[in-house]
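S.K.: Read off the chains here:
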Amino acid sequence: MDAELKQFIGKLDTLDFKKMYNDNFFWTWDKTDDELAAVFTVADALRHLRENNISTRIFDSGLGISIFRDNSTRTRFSFASACNLLGLTPQDLDEKKSQIAHGETVRETANMVSFMADVIGIRDDMYIGKGHTYQKTVADAVEKGYRDGILEQKPTLVNLQCDVDHPTQCMADMEEVIHYFGGVENLKGKKLVMSWAYSPSYGKPLSVPQGVIGLMTRFGMDVVLAHPDGYDVMPETEEIARKNAAKSGGSFTKTNNMAEAFEGADIVYPKSWAPFAMMETRTNLYGEGDFEGIDRLEKQMLEHNKEYMDWCCTEKLMKTTNNGKALYLHCLPADIEGVSCERGEVEAPVFNAALDTLYKEASYKPYIIAAMIFLAKEKNPQAALEKLAARNMPRFFC
Amino acid sequence: MDAELKQFIGKLDTLDFKKMYNDNFFWTWDKTDDELAAVFTVADALRHLRENNISTRIFDSGLGISIFRDNSTRTRFSFASACNLLGLTPQDLDEKKSQIAHGETVRETANMVSFMADVIGIRDDMYIGKGHTYQKTVADAVEKGYRDGILEQKPTLVNLQCDVDHPTQCMADMEEVIHYFGGVENLKGKKLVMSWAYSPSYGKPLSVPQGVIGLMTRFGMDVVLAHPDGYDVMPETEEIARKNAAKSGGSFTKTNNMAEAFEGADIVYPKSWAPFAMMETRTNLYGEGDFEGIDRLEKQMLEHNKEYMDWCCTEKLMKTTNNGKALYLHCLPADIEGVSCERGEVEAPVFNAALDTLYKEASYKPYIIAAMIFLAKEKNPQAALEKLAARNMPRFFC
Amino acid sequence: MDAELKQFIGKLDTLDFKKMYNDNFFWTWDKTDDELAAVFTVADALRHLRENNISTRIFDSGLGISIFRDNSTRTRFSFASACNLLGLTPQDLDEKKSQIAHGETVRETANMVSFMADVIGIRDDMYIGKGHTYQKTVADAVEKGYRDGILEQKPTLVNLQCDVDHPTQCMADMEEVIHYFGGVENLKGKKLVMSWAYSPSYGKPLSVPQGVIGLMTRFGMDVVLAHPDGYDVMPETEEIARKNAAKSGGSFTKTNNMAEAFEGADIVYPKSWAPFAMMETRTNLYGEGDFEGIDRLEKQMLEHNKEYMDWCCTEKLMKTTNNGKALYLHCLPADIEGVSCERGEVEAPVFNAALDTLYKEASYKPYIIAAMIFLAKEKNPQAALEKLAARNMPRFFC
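As you go down the protein sequences, you meet chains A, B and C in turn.
In terms of my numbering, the first sequence opens at residue 209 and continues consecutively.
In terms of my numbering, the second sequence opens at residue 209 and continues consecutively.
In terms of my numbering, the third sequence opens at residue 209 and continues consecutively.
A few of these clues could be false.
[Said to hold, decoys possible] Computed list of lysine to aspartate or glutamate pairs in EDC-like fashion (alpha-carbon distance at most 20 Å, straight line):
id	chain 1	residue 1	chain 2	residue 2
1	B	K587	B	D302
2	C	K451	C	D238
3	B	K304	A	D300
4	C	K304	B	D302
5	A	K455	A	E488
6	B	K304	C	D302
7	B	K595	A	D268
8	B	K462	B	D440
9	B	K362	C	D238
10	B	K338	B	E496
11	A	K304	C	E303
12	B	K455	B	D430
13	C	K595	B	D242
[What the hints assert, rightly or not] Partial chain B-side listing against chain C, Cβ under 10 Å, derived:
id	residue
14	D268
15	L271
16	G295
17	Q299
18	A325
19	D326
20	I358
21	N588
22	P589
23	R599
Simulated from the structure, these hints should not be mistaken for laboratory data.
Where a beta carbon is used, it is the ideal one built from N, C-alpha and C, also for glycine.
Just need the whole structure built from these sequences, with the hints factored in.
M.R.: Here you go:
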């Protein structure tokens, strides 16, 4: 076993993450600091093994089920890649091709697709109050199915984005931050700005800004949430951010002034989202089946957005950050001025200068997902990593 | 090798199923009693190996093709699970994405997708006289392709539901019955009711009731087919049921009285279907391209159904069964009163009380499909099972 | 190692194909004669191993991404089969389910789906000047991603049909020709006719006739391109054909007379395509977003086609070929008179007589694709083949 892998295993030995075994991953704030550190460490270890052409297949067969209730490219492929990396065959439940319309219940479907499923990944971020509830229902159903002896194994649920959090995204973002600054120990006192930015497109989910403030306040950084008046996120997640900051020795503050937020920042995450209050109205309209009302509301949101077109991550703003070179984060795809839209979240030169770190940031996602699965499946992850290294099966033969 | 596996192999040694090698699986009544017993036994053996974390991958590579001409959740995932369990990669032929519209023939398509296919599963249950014919055409085409040296292996066809039979469903149902009553030897004299039940939804296929009476009359049970006047199934399948019952020492009777049927029953299978005569008319309209006519007919069917709203599996009816606790079977999804519809096939308390056995029933399907493939591929299934046990490759590593 | 495999390896030892390592496959005319010979040889070697139940899985995990911007059956399944044969999991990027509509750029998407991708196959043949450009953009993006350390491996691009060439099809066609005539050495002086034929269907891509004349002029054959006045292909590809013919000691000629072309032919490839000039107009209309104009143009094309209904591969014409039995090639599906259309590309008796060779021709495609991937991935393909034979892992176990 090489020295680097030994280090990862040594790191895991210092952490307590016993409760992750056979558990699900809904929100980062459900997890302890040690548990999150375990995810980062296993992600790095799996990447290290793959880069050294050592297979990390812990499954000889088995399915990884995905359910996407919203379009997706990178999360879809990240999930498929993570499953494949561990030996699971990705299988998408396309609700349009299913009999759900014929009266299946969520609980029933969850069990029916899970007879050979080791993991279920769900993206359901469209309606406030719905996404997490749906994921929880699925997880409870298969948990019960497992306990009742219907399922031979308990599929782990991985939240691929709900209405509240987007943990695989934010953990990948965070891993980029950690590697960029050379370790968690260097983050204390860094200023990170989660800022709203103008977008001409549809009302984007709140789960990214909420996930970012819920996660990134845990590392002693000074986290600033900036948005125009009225573009609040869910108050519960602000509360979590506040508590995290207090506990970690950092801070969590809010401002309606983008320029003030960017001043001296080390990390910026400028991104559009829809106001929470409007998202709640939208959910109510959905509950009433008022799809015309939803259309009207979305048009109204876009009109409303237009009042804040100046909330753009410009070259000028970037110059005001620490040394003029804050790390620019985005979950992608971004609304780039002059590329995908006339006015948008970011100026093209800012975006283009950041391409390498942006793509690197995205590249962690498959490993983060794989690490979440690995920690839920392996009772002794350190031993499992050792055994994989000892088995030494090549990922690519010859 | 453990004792349980030894028992399965011992059981297989007593059966004659040589003809299943390299053959297809269309209808249960094509198969001898020994052949069906072999499917049940191999299904149990594969499940036993998997539960003991022993890989049952007999394929290192190869595709399992599925063609779904009707929506599906459980059959789709059961087929994918079965393929995965044996090492095949599921690959769906989505006819909308294919060039079939560009003038391919069935025979051509069948060969074109089969160069590396070891199995083809087809669901085509929409039109009387069409589904089986299509499956037979595909099977004949690849058989010829194999004989002519175009295909290196002969893909086995597995009927995932046609207009006549639904063998993977009914075999899974039957395996639940066998396990529930502790063995085939305990079924003699049991009363099983295949009953029509009211549904407010579309005209459901006949293949389940037909498959049930065609299969379950082979075990010495007293099988009763109950339906309102006019809701007959295909006469050929009734004929098969009659012959089976005579041969097995059981009985096959019909009634238009649901209450009478349930009286003292050990097993009940209440489920909606469309009247055969109307399904034939529907096929003719389809042949004439009269889609408006089909719409009209379907509305008419639903209106007609409404006359029989009292055909519901109620708590009251269930109390009249043997000891008031008949085994409740359903292929799912069911039309549950107050859950998926106002009036439907079953009352919610009856359905909910049966959830565990219902899900268990469904859980056999992947193994039944895998067993059908296994028996078509392995020349000596007993030896193959022994070798899998000896290879002792873990399904889940560490 | 058996004698036949030894021969394949011996053949490879005589060829120079070093540059294929880590490279893409866009057009056959990018490749040297040795490189094409290597593809044919590796394809045969992989087929030989599979036929002898020896696994050719060189990947323990990894994805094979496909992007189909046009419908496809055989290419879709050929690609999936090739990936599966080598151990990669096929994963389709369905652009409708992706966030491309949300403003992703091609470069971004290419990287986002490629974190664990070893190969990307693309079909994009709808618009002149677009398909190849798109493929090149994707290949450049992942090449850069690999160089910048974002991707751990460089995905190889395989052209599954562009606006210019259809190399996996034409190489499969060519392999059928080689095997049919017992080796490349027997092709000198053979007359091959790539002929336009009437089709009542949509404006078919030019990539097949272009690919055929660009490839098949390299083997010393007398290649004739026959089409009605105005149905020209891209002039660049004719230029390539001309140069190839001169170099190989064969010839490349053109005619507007189908009967003259067929006279004494050894191989005929009668197939419809749209006139290049009209395809260019179509691209311009597309650029202008004039979809009504495109519809109008397509109707005009079909009207125009009707003037050449007599361009059909009839029994009578076939009798005028060498000994009346020229090898009939087609990429499938064909427009068969009296089967898929009233008047079309070929008479049913001609097509039916050729079924076996036609299907055989198609059966090479998965192996051609697999060989392209193999040569791009294995630094020393001969050693890799030897090691696969020595590993002797069964494709099918027991």
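S.K.: Determine for every hint whether it applies to the structure shown.
M.R.: Hint check results:
no. : hint            : in the structure
1   : B:K587 - B:D302 : 32 Å, violated
2   : C:K451 - C:D238 : 13 Å, holds
3   : B:K304 - A:D300 : 18 Å, holds
4   : C:K304 - B:D302 : 15 Å, holds
5   : A:K455 - A:E488 : 30 Å, violated
6   : B:K304 - C:D302 : 13 Å, holds
7   : B:K595 - A:D268 : 17 Å, holds
8   : B:K462 - B:D440 : 10 Å, holds
9   : B:K362 - C:D238 : 37 Å, violated
10  : B:K338 - B:E496 : 14 Å, holds
11  : A:K304 - C:E303 : 17 Å, holds
12  : B:K455 - B:D430 : 12 Å, holds
13  : C:K595 - B:D242 : 44 Å, violated
14  : D268            : 4 Å, holds
15  : L271            : 6 Å, holds
16  : G295            : 8 Å, holds
17  : Q299            : 5 Å, holds
18  : A325            : 8 Å, holds
19  : D326            : 8 Å, holds
20  : I358            : 4 Å, holds
21  : N588            : 7 Å, holds
22  : P589            : 9 Å, holds
23  : R599            : 8 Å, holds
Checked against the numbered hints listed earlier, the structure breaks hints 1, 5, 9, 13; every other hint is satisfied.
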